[in-house]
Amino acid sequence: MNPLAPFIHSAATPWNRRLAAHLLRRAGFAPSESEIRTAVAAGLEETVRSLLADGEESDRVHELDALAAPLAERDDIDGLRAWWFGRMRHTRRSLLARMTLFWHNHFATSNVKVRDARLMFQQIRVLEQHALGSFRNMMRAVARDPAMIVWLDGQQNINGRPNENFARELFELFALGVGNYTERDIKEAARAFTGWHQKNRRFQYVDTYHDHHEKTVFGRSGNLDGDDVIDLTMAQPACARWIAVKLAQEFIAPAPDEALIAAIALKLTESKFDISATLEAIFLSRAMFDAANFRVRIKSPVEFVVGIARSLELKAPSRGMADAAGQMGQRLLEPPSVKGWDGHRAWLNSATMLIRLNAAARAVGGDLYAPQAMLDRYGISAANAAESLGDLTLDGELPPPLADRLRESPMRDDAALREWTRLLISSPEYQMA
Amino acid sequence: MKTSRRVFLKSSIGGAALLAGGVSVPGFLARTARAATCETGQRILVVVQLTGGNDGLNTVVPFRDDIYARLRPTLRISDAQALRLTDDLGLHPEMRGLKKLFDHGQLSIINNVGYPNPDRSHFRSMDIWHTANLIPEDARDGWLGRVVDSESRETDAPGALHLASAALPLALRTQRQPVPSVESLEAFRLPDGATDLAGLIAAPRPSAADDLLYVQRVAVASCTNARRIESVLRNDRSDSSYPDFGLAGRLRQIAQLIGAEFGARVYYTSLDGFDTHARQALAHGPLLRELSESLAAFQADLAARGVAEQVLTMTFSEFGRRVAENGSQGTDHGAAAPMMVMGAACRAGVIGGPPKLDALVDGDVAHQIDFRSVYATVLDDWLQLKSTAILGKYHERLAICKRA
Chain F
1 MNPLAPFIHS AATPWNRRLA AHLLRRAGFA PSESEIRTAV AAGLEETVRS LLADGEESDR
61 VHELDALAAP LAERDDIDGL RAWWFGRMRH TRRSLLARMT LFWHNHFATS NVKVRDARLM
121 FQQIRVLEQH ALGSFRNMMR AVARDPAMIV WLDGQQNING RPNENFAREL FELFALGVGN
181 YTERDIKEAA RAFTGWHQKN RRFQYVDTYH DHHEKTVFGR SGNLDGDDVI DLTMAQPACA
241 RWIAVKLAQE FIAPAPDEAL IAAIALKLTE SKFDISATLE AIFLSRAMFD AANFRVRIKS
301 PVEFVVGIAR SLELKAPSRG MADAAGQMGQ RLLEPPSVKG WDGHRAWLNS ATMLIRLNAA
361 ARAVGGDLYA PQAMLDRYGI SAANAAESLG DLTLDGELPP PLADRLRESP MRDDAALREW
421 TRLLISSPEY QMA
Chain V
434 MKTSRRVFLK SSIGGAALLA GGVSVPGFLA RTARAATCET GQRILVVVQL TGGNDGLNTV
494 VPFRDDIYAR LRPTLRISDA QALRLTDDLG LHPEMRGLKK LFDHGQLSII NNVGYPNPDR
554 SHFRSMDIWH TANLIPEDAR DGWLGRVVDS ESRETDAPGA LHLASAALPL ALRTQRQPVP
614 SVESLEAFRL PDGATDLAGL IAAPRPSAAD DLLYVQRVAV ASCTNARRIE SVLRNDRSDS
674 SYPDFGLAGR LRQIAQLIGA EFGARVYYTS LDGFDTHARQ ALAHGPLLRE LSESLAAFQA
734 DLAARGVAEQ VLTMTFSEFG RRVAENGSQG TDHGAAAPMM VMGAACRAGV IGGPPKLDAL
794 VDGDVAHQID FRSVYATVLD DWLQLKSTAI LGKYHERLAI CKRA
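Just so you know, the protein sequences line up as chains F and V, in that order.
Position 205 (the first sequence) corresponds to 205 in our numbering; numbering is contiguous.
So our numbering is basically just the index in the second sequence, starting at one, shifted up by 433.
Looking at chain V on its own, in the form it has when it is part of the complex:
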């Protein structure tokens, strides 16, 4: 039986609480149990970063557009190949998993997303997306870091978690609460024979000052988390349902953490390799397949764990790619591109329509939707925060989420 946090909490209301490992926690630390707990059913945002600049035109394909066909002599996806979403747009043929989610009403595609005066440097454009600031040098933190720092409740749970082998992205940079960055869930398991640790940590001290009590509380919470994660892993049967991709493995661990009520509001991972300057087809198809199948398996797993209603997943990339392919059967850095938002709360559909390829700016797709509008929607309508406080100004919201 899965010990839910709620059951665990109820048992903590009288003086002593039981940790999942069967260790008694004295009343003076019982606040930990409350503090470590996000309300059951708390809304969670999962962000998947597509690193390198994903070719939006071959992801959400304007298969009817003659200009697209002409400028992409070797790379174009034909009418017959595209997985049709609307009369004008279809997904790359490797994206069957996400097509199915679209058909089941769980995928929202926002097309032609970008920002004014697009920067074509990977670093600077990524910084712009990460900070939600068109002059990222002015920002001291990331937009999701501000979500973490905006948490006013006393909580021992980390506000966000980065699960990838890369360094912590600027998006998660905070000014107050550190955001853990781990390569795998192993970092949150305790070694064998560590069962007695929680008891030793929790035992009352004769004269503990406030700060020591704080450390005790956090340490007890971390042992509780470890137990919970351990128990989720022990009973986990989701292995077979995920494809054998790196991204799938990371998303699976995120699903496990969500299942274990780890407490983070934001999870962040990435898929690298989208900088396809040469022989793009060899790389891009497999990447989109990894993305699509991993996301589909993740969504199915969330549903199986009974938490699908709680989770919204969003993808983004630092820019799209030039409309005209280059001489090496690749594409160079471009501008606007689609974002995808997946979840039970999504209003399925395509927001924004086909790209205007007859009105390119410097050879690139011009943006019609500011990426900060997508952020604002996710902040206001999903995380129920004040987007103006996080983003510094008002941005129009889009019809991505179903009405609550």
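Just chain F, same shape as in the assembly:
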């Protein structure tokens, strides 16, 4: 059975809060009560449609966006990182935010080398602009992105003295994976990108630096330029597969099976690498809602921090979120290498887990969190408060020790609800998405 065949809800597997929360968690961040209710009422198809739609942003995001350019202009990288967290916290376009983050990990560029917040800001905007569009356009834009040109030494790539850094990572990490190209392909591809430079933070093609001689990449010869190499690369079967694996790991399961990878790769190829069309198929698929795929991915620090802030409707300061995620091992704009963050189990060791437990305690222990006011907004009575928080954070699927506690103690006042929330988001289950 095709794993991308549409999921059909039935009496046995009804479209409900659990499924809606799962979808929202994967396609964005841990959802708020209001996001869950909206999705349950709208149904699966409509929810996926609105995740992919070009919706209007919240006022808060417009306010934040007015701050970003000046931060970048001042080369305030910490400020820019905080801005990004603020945006993820408040955006209505959670899938767009999630995919921008996904591409930041895919085309992983670090300010440690770029050393220019303006370039990093431009790159985030490029990633966002193409996040849900055509992967081909994304590749073309990234190859011309000044931060990428600095990061992978494009500026040093000159006719007669080719620098292979970008060509190598293009094949190894951005499009194909090891084993799907030769060293000769890299050497020739590097020549095709000669003269793709940047000047004053803009892409600049320098014709005199470009190698106009014949090159041969993947068996095709000609006076190839960078766009030709991108096209030839994307025509390799390994390319659709490479992106399919990454999408499957991000949205379905950390170790996706062969049938699923093949189905996503086919969808990518058939849609001419249309990311939205591919995501739509994934989100509507049987694989997406296969019981075996619920809460099997270990959340990244950003998912953990932003998810708590969104689902518990915290007044979380952006810089605090950015610092917390950094302490947990994910400092945005500074991925560990061009390979990005390894993710999944690599996120957790006894130190980073402890930092999560402490962050969880801080998040719900003070003024940032107002459990009763939040529950009041949804008309949830004190008698149902604790259970509702369990529904919100763990889809009501409490592990036995938490279920016991819910049965045994009333947990109605403010202090008890805070403590209960802390336990919920400190649970091993909550670390999974």
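If you're looking for bench data, these hints aren't it; they were derived computationally from the structure.
Some clues are possibly wrong.
[Claimed, not checked] Derived lysine-lysine pairs resembling DSS-like cross-links, with alpha carbons at most 27 Å apart:
1. F:Lys-272 to F:Lys-339
2. F:Lys-272 to F:Lys-199
3. F:Lys-246 to F:Lys-315
4. F:Lys-339 to F:Lys-113
5. F:Lys-339 to F:Lys-199
6. V:Lys-819 to F:Lys-339
7. V:Lys-835 to V:Lys-819
8. F:Lys-113 to V:Lys-826
9. V:Lys-835 to V:Lys-533
10. F:Lys-187 to F:Lys-199
11. F:Lys-339 to V:Lys-835
12. F:Lys-187 to V:Lys-826
[As the list claims (entries may be wrong)] With the C-beta cut set under 10 Å, the calculated list includes, among others, these residues of chain V facing chain F:
13. Leu-603
14. Ile-634
15. Pro-639
16. Ala-792
[Claimed, not checked] Over 12 Å on every C-beta distance to chain V, these chain F residues come out as not near it, computed from the model:
17. Met-1
18. Asn-16
19. Ala-42
20. Glu-73
21. Ile-77
22. Asp-78
23. Glu-183
24. Lys-187
25. Asp-274
26. Arg-356
27. Tyr-430
These figures come from a predicted structure and were not determined experimentally.
Note that CB positions come from ideal geometry on N, CA and C, so glycine has one too.
Mind docking chain V on chain F? Use the hints.
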């Protein structure tokens, strides 16, 4: 009584283990106890980065050298002031603490350390030291990051810890295991009333998949660590023995973590302010005093905790400074400089001898010892790893450590 990991381990061998907080851990998680534990007595490396380019010539002073005296008209340390190490070299007068360690056979000084074609940019030179690669742009990780990633045993403990307010240094950048970077030990304490957390985390789940079990194990290990750190802090009396310096405070916390058997193999912290282009004497003396007294207190504390045999401490800076002082009673970016290695396992002494000030290169001290030789020695002789695997090629080893 301090519950040592060993005692704790023994109790875990039968089906259920007791966490330090008195919580019972079911057998299926008992592997955690083993995994979280580095063997007792594991060797530990502490790195202290001197940020900004420490003036090596006024740290390990060639007090007899006329060229030094002539080129440092206002900044020179005189024969009478220097704390004598050898016939030709002495420590800055503010470094009494380290002088005492030298005399007690616990400090090794490696002089004139650097690399070919020195880069005088703070950033690039620091990157070279951090990656142990003369073309740091080619490196994907730091040399200590490679130490962390080389760990093949399944372990829940972080391989290294960065304790400072700055961002994680490139030296600790890994490709696989994240290295935590915290400003203080507070990050590893659990809030009050969190005692029940470990029990909730550890309780068996009806059908836990592998990944959930992994999270449970790591989470239990982190609670165990927190308890242990809590207990070390509660019983800690080392406060009074440390001077009131920032570096001393950070080293004290590192000693506490080592005492708590936190499990990291590498601890890393830094002292900033060494970029002394103007009126150097006002800044440099106090910095060296902070360094010296903090390190001495740290070494004494390790001894008091009974772990001195386990720990080796190393200092480095991205470069030394120009021999001739500039017109603002400061010094500009230079090249080779001394490194210091401290610990019970050290062979005390000065390796490398006085700098050759009559053979400067571009006005700077030329390196006689490649810094990667120091790294290789620490990797092979101390951490018992294969330096060729971590550094990518063979580097000569130095006689820094006593024979095992």
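Hint by hint, here is what the structure shows:
1. A threshold of 27 Å between alpha carbons decides the hint, and for Lys-272 of chain F with Lys-339 of chain F the separation of about 25 Å falls inside it, so the pair holds.
2. For the hint pairing Lys-272 of chain F with Lys-199 of chain F, the CA-to-CA distance comes to about 32 Å; that exceeds 27 Å, so the pair is violated.
3. Proximity of Lys-246 of chain F to Lys-315 of chain F is assessed by CA-CA distance (about 33 Å); at most 27 Å being required, the pair is judged violated.
4. Distance check on the hinted pair: Lys-339 of chain F and Lys-113 of chain F sit about 15 Å apart at the alpha-carbon level, within 27 Å; holds.
5. Between the alpha carbons of Lys-339 of chain F and Lys-199 of chain F the distance comes to roughly 26 Å, so the proposed pair stays at or under 27 Å and holds.
6. Under the criterion of a C-alpha separation no larger than 27 Å, the hint pairing Lys-819 of chain V with Lys-339 of chain F is consistent with the structure, at around 25 Å.
7. For the given pair, Lys-835 of chain V sits about 18 Å from Lys-819 of chain V by alpha-carbon distance, which is consistent with the 27 Å threshold.
8. Between Lys-113 of chain F and Lys-826 of chain V the CA atoms are separated by roughly 25 Å; this keeps the pair inside 27 Å, and the hint holds.
9. At most 27 Å may separate the alpha-carbon atoms for a hinted pair to count; Lys-835 of chain V and Lys-533 of chain V meet this at roughly 19 Å.
10. Restraint check: the Cα-Cα separation between Lys-187 of chain F and Lys-199 of chain F comes to about 25 Å, which is no more than 27 Å; the hinted pair holds.
11. With a C-alpha separation of about 40 Å, the suggested pair Lys-339 of chain F and Lys-835 of chain V falls outside the 27 Å cut-off, and the hint is violated.
12. For the proposed pair Lys-187 of chain F and Lys-826 of chain V, the alpha carbon gap of about 25 Å is at most 27 Å, so the pair holds.
13. For the restraint placing Leu-603 of chain V at the interface with chain F, the shortest Cβ-Cβ distance is roughly 7 Å, inside the 10 Å limit, so the hint holds.
14. Residue-level restraint check for Ile-634 of chain V holds (minimum Cβ-Cβ distance to chain F is 6 Å; threshold 10 Å).
15. Proximity of Pro-639 of chain V to chain F holds as hinted, the smallest CB-CB distance being about 7 Å (cut-off 10 Å).
16. Proximity of Ala-792 of chain V to chain F is violated relative to the hint, the smallest CB-CB distance being about 34 Å (cut-off 10 Å).
17. For Met-1 of chain F, the non-interface assignment is confirmed: its Cβ lies about 22 Å from the closest Cβ of chain V, beyond the 12 Å cut-off.
18. Consistency note on Asn-16 of chain F: stated as away from chain V, and its beta-carbon is indeed over 12 Å from all of that chain's, at 21 Å minimum.
19. Distance check on Ala-42 of chain F: its Cβ is at least 31 Å (rounded) from any Cβ of chain V, clearing the 12 Å threshold; non-interface status holds.
20. No beta-carbon of chain V is positioned within 12 Å of the beta-carbon of Glu-73 of chain F; the least distance is around 22 Å.
21. The Cβ of Ile-77 of chain F sits about 10 Å from the closest Cβ of chain V, inside the 12 Å cut-off, so the non-interface label is violated.
22. With a cut of 12 Å on Cβ distances, Asp-78 of chain F falls inside the contact zone with chain V, its closest approach being about 9 Å.
23. Its beta-carbon lying about 16 Å from the closest one in chain V, Glu-183 of chain F satisfies the requirement of being farther than 12 Å from that chain.
24. Taking the minimum C-beta to C-beta distance to chain V, about 17 Å, the non-interface status of Lys-187 of chain F holds against the 12 Å cut.
25. No beta-carbon of chain V is positioned within 12 Å of the beta-carbon of Asp-274 of chain F; the least distance is around 31 Å.
26. Interface exclusion of Arg-356 of chain F from chain V breaks down, the closest Cβ pair being 8 Å apart, not more than 12 Å.
27. Residue placement check: Tyr-430 of chain F does not keep its beta carbon more than 12 Å from all beta carbons of chain V (closest about 9 Å).
Of the numbered hints listed earlier, those contradicted by the structure are 2, 3, 11, 16, 21, 22, 26 and 27.
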